[in-house]
Amino acid sequence: MRIHRRTLLALALATGLTAPAMAVAQAEDIKIGVLATFEGAFTVLGEDGERGALTALDEVGGMAAGNKIVVVRGSSDASPDSAIRAARKLVEQDGVKILVGPLSGDEGIAVKDYAKTQPGVTFINGSSAAQDTTLRDPAENFFRFSTDGAQWMAGLGTYAYNEKGYKNVAVVAEDYSFPYTQVFGFMAEFCKAGGKVPSKSWVPIGNKDYSSVIAAIPDDVDAVYVALGGADAVNFLTQFQQSGGEAPLIGGSITVDQTVLTSKGRLRDVLIGTPAAGPTADTNDTPEWNAFVEAYKKQEGAFPSPSLFAHAYYIGMKAALLALEETGGKLDDDGANFRKVLSSLSFETPTGKVSLDKNRNAIADIYLTEVTEGPDGNLLNKLIKVVPQVNQTLGIDEAEFLALGAVSRENPSCP
Amino acid sequence: MNADVARDPATPARNLLARIGTGHFVLAALLLAYPLVSSDFFLTQIGGYSLIFGMLALSLSLLAGYGGMVSLAQISFAGVAGYTVAIFGENNSNILGFGWPWWLVMPLALFFAATSSALIGWVSVRTEGIYTIMITLAVATAAFYFVRQNYTLFNGFPGYTGLRAPIVFGVNFRDPVPFYYMCLVAATLSYAAVLYAARSTFGLTLQAIRDNPRRMRAIGFDVTAHKVVAWFYAGLIAGLAGVLLVWFNGRISPGTINVAAAINVLIIAVIGGLKHPIGPFIGALMVVLMQTFAIDIVGAERFNTLIGVFFLAIVFFSPDGILGLWGQLRQRLAQEDLRSRQ
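Chains W and P are the protein sequences, given in the same order. Using my numbering, the letters of the first sequence correspond one by one to residues 1415 to 1829. Using my numbering, the letters of the second sequence correspond one by one to residues 509 to 850.
Worth flagging that the hints you see were computed from the coordinates, not collected in a lab. From a predicted model like this one, the values you see are computed outputs, not experimental measurements. Virtual Cβ for every residue (Gly too), placed ideally from N, Cα, C. Each hint should be verified, as a subset may be incorrect.
[Stated by the list, open to error] No more than 20 Å apart at the CA atoms, straight line, and that leaves these computed lysine to any residue pairs for SDA-like:
(1) W/K1530 / P/S601
(2) W/K1712 / P/Q657
(3) W/K1614 / P/Q657
(4) W/K1614 / P/T660
(5) W/K1614 / P/T649
(6) W/K1511 / P/D804
(7) W/K1712 / P/E809
(8) W/K1614 / P/G664
(9) W/K1530 / P/G670
(10) W/K1622 / P/T649
(11) W/K1622 / P/R682
(12) W/K1530 / P/R672
(13) W/K1622 / P/F654
(14) W/K1530 / P/D683
(15) W/K1530 / P/R682
(16) W/K1511 / P/F801
(17) W/K1482 / P/D804
(18) W/K1511 / W/E1554
(19) W/K1511 / P/S547
(20) W/K1530 / P/F681
(21) W/K1530 / P/T660
[Stated by the list, open to error] Here are some, though not all, of the chain W residues that point toward chain P, as calculated from beta-carbon distances under 8 Å:
(22) F1452
(23) E1506
(24) D1589
Sequences are here, hints too, so could you generate the full structure?
Structure (structure tokens):
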């Protein structure tokens, strides 16, 4: 009996002690947390984000200023709560001093709020692109090198009005902060050019049946602006095509990316000729971009072309590594010096030069694209034009831009 | 439970100490001393979180174990309490947020949670077994979609942020140690209440109703009323957990009360074991530990598989959860003890 009890106690102690020990890395290693959606509806996107981060790490051989970089992963399911839990685990348990992530819009706002309670930790955004993550009430230690959803729309509204000749456009978008930001970016230019948006439909993420949404699109619109992601985009586009929708489309940044363009079905006819804008373009032919694509493809399970999530995580991780290199890998002053270097960092990425504004939000090039058929029959986003160095206020004076108000379902409006 | 029934009337004069039991004292001492040895992370993210989810599972286990009614909607009642805190208390989402003090908001939140639980209970006591599960699953799903679509009251997808635990008499309950003790007190209260209720006339009647409702009705008991009262109590516990949960997260959004969370509560209750109110807390600790650390063991791609396999293994080896495992182990030890004495 006594022996049994002792064995049990020993077992209990052993399991209790080894579990935390596994997470402890060596002292001289620098731990970087990567927070992405490894579960839930955005799993595929999260995994591609991680590939992007690892591509940046592989470029420098996993070392920065002679220190080995250890990546600790955290997983969320795109809900703000899960992002906070994962971030707290990485920061408070694993002790990372640099965290790259998260992936989705509202997650970004939640992590920014959390960042304020952890002044000694540096948060570098993954691909979350809600405007208010950095524009209003920003956190001193939250950096976004990947631009926001409104910036990604630069040039699209003007192009749709002037080149395509669309005067009336209906909007269909998911109902959360990232699509609000995208719609804002599109409408800011489109309405200014003289266009009208008579109807906006906000649909919940994961919606399956779009028949009522499609029925609510007015007959006299010239085009439909669609800001949906992943399966939502595929479902909407399929049903739109089946219900005989004739209006041409305008795409949000993740509506006509590779995850949608490579999907099976008869989307081809609807999609060809769809203009869109975003931080990347499939047919970008600069040597920097091609080199990035090659490096990215070495990652396990990589897509033919990196998604904008891989791109955003790559940029974020790259910024962290560059700043670590410059500070000699020192984070002992609670990362104050590291953050100072980050703030003034300006570097060449596969998609042009990136630097930060005073809110620590990126100023970078944006790509205006149009869906075309590639030489091998695949659909591709053909590069139409590069909009150079777009800032968060879209070139508008800051006070004037802030006066436009926070993005929401109602704002902006030009019926 | 049957053992309790047989023992209690026979030994009325036992002193308080013996009635509480040495096991409870050891456990209490360990839980009280826990902040001395643990980091802030283990204190709140593991300790506090386990206690909160233990309470949620306890409210389910109260209904399932003593009343025979499996409810998937406990997380929704926690959500009712959570959203009450957000709407009537302070939030920084610039929507509603009446700024009432915590001592007004908290009872209100508990009241709303318990009433809504009783209401749903009143609807679902007309069903049995799998139909109760279906009804409550429907309630949980509807609640999730409703709060996600409704912007005027629940602020839709982003929900409410900036919900913070109060500062009472100079004690800041946002700090790890006070927060942990607050969770511990709430959990202990709920646990003791369930233990006490199980041995009370009400609890015994409820168990009898679970075992044979027709006979109880024939004897003259109001079966529906007893079940609805059980739902009310379960709602109180879920509501208390809900208030702590929003203080823990500092926010509430539809993601807090989605179907995955509802299933999570059921998993915790089943893993821990429904036979004793300590089961849900053990289950919660195991589930929280797994969900937090599985990603370190197998990496980002397959950690949910590991969690699933672990749960499968527990249910496979012991249908009564971890409590059942402990029971089996104790039995085996006793047998070996006997053998060695021979």
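So, going through the hints one by one against the coordinates:
1. W/K1530 / P/S601: With Cα atoms ~16 Å apart, W/K1530 and P/S601 stay inside 20 Å; holds.
2. W/K1712 / P/Q657: violated, 42 Å
3. W/K1614 / P/Q657: holds, 15 Å
4. W/K1614 / P/T660: With a Cα-Cα distance of about 18 Å, the restraint between W/K1614 and P/T660 holds, given a limit of 20 Å.
5. W/K1614 / P/T649: Distance ~26 Å between W/K1614 and P/T649 Cα, so the pair is violated.
6. W/K1511 / P/D804: holds, 17 Å
7. W/K1712 / P/E809: holds, 18 Å
8. W/K1614 / P/G664: Given that 20 Å is the threshold and the Cα spacing comes to 17 Å, the pair holds.
9. W/K1530 / P/G670: holds, 12 Å
10. W/K1622 / P/T649: Holds. W/K1622 to P/T649 sits at ~16 Å (cutoff 20 Å).
11. W/K1622 / P/R682: Cα-Cα ~40 Å, so violated.
12. W/K1530 / P/R672: holds, 14 Å
13. W/K1622 / P/F654: holds, 16 Å
14. W/K1530 / P/D683: Measuring from Cα to Cα gives roughly 15 Å; hence the hint holds.
15. W/K1530 / P/R682: holds, 15 Å
16. W/K1511 / P/F801: holds, 19 Å
17. W/K1482 / P/D804: holds, 18 Å
18. W/K1511 / W/E1554: It holds: about 15 Å lies between the C-alpha atoms, which stays within 20 Å.
19. W/K1511 / P/S547: Within the cut-off at roughly 17 Å; holds.
20. W/K1530 / P/F681: Between W/K1530 and P/F681 the Cα gap is close to 18 Å, so the pair holds against 20 Å.
21. W/K1530 / P/T660: Roughly 28 Å between the alpha carbons, so the hint for W/K1530 and P/T660 is violated.
22. F1452: holds, 4 Å
23. E1506: holds, 4 Å
24. D1589: This interface hint holds because 6 Å falls under the 8 Å limit.
The structure fails to meet hints 2, 5, 11, 21 from the earlier list, while all remaining hints are met.
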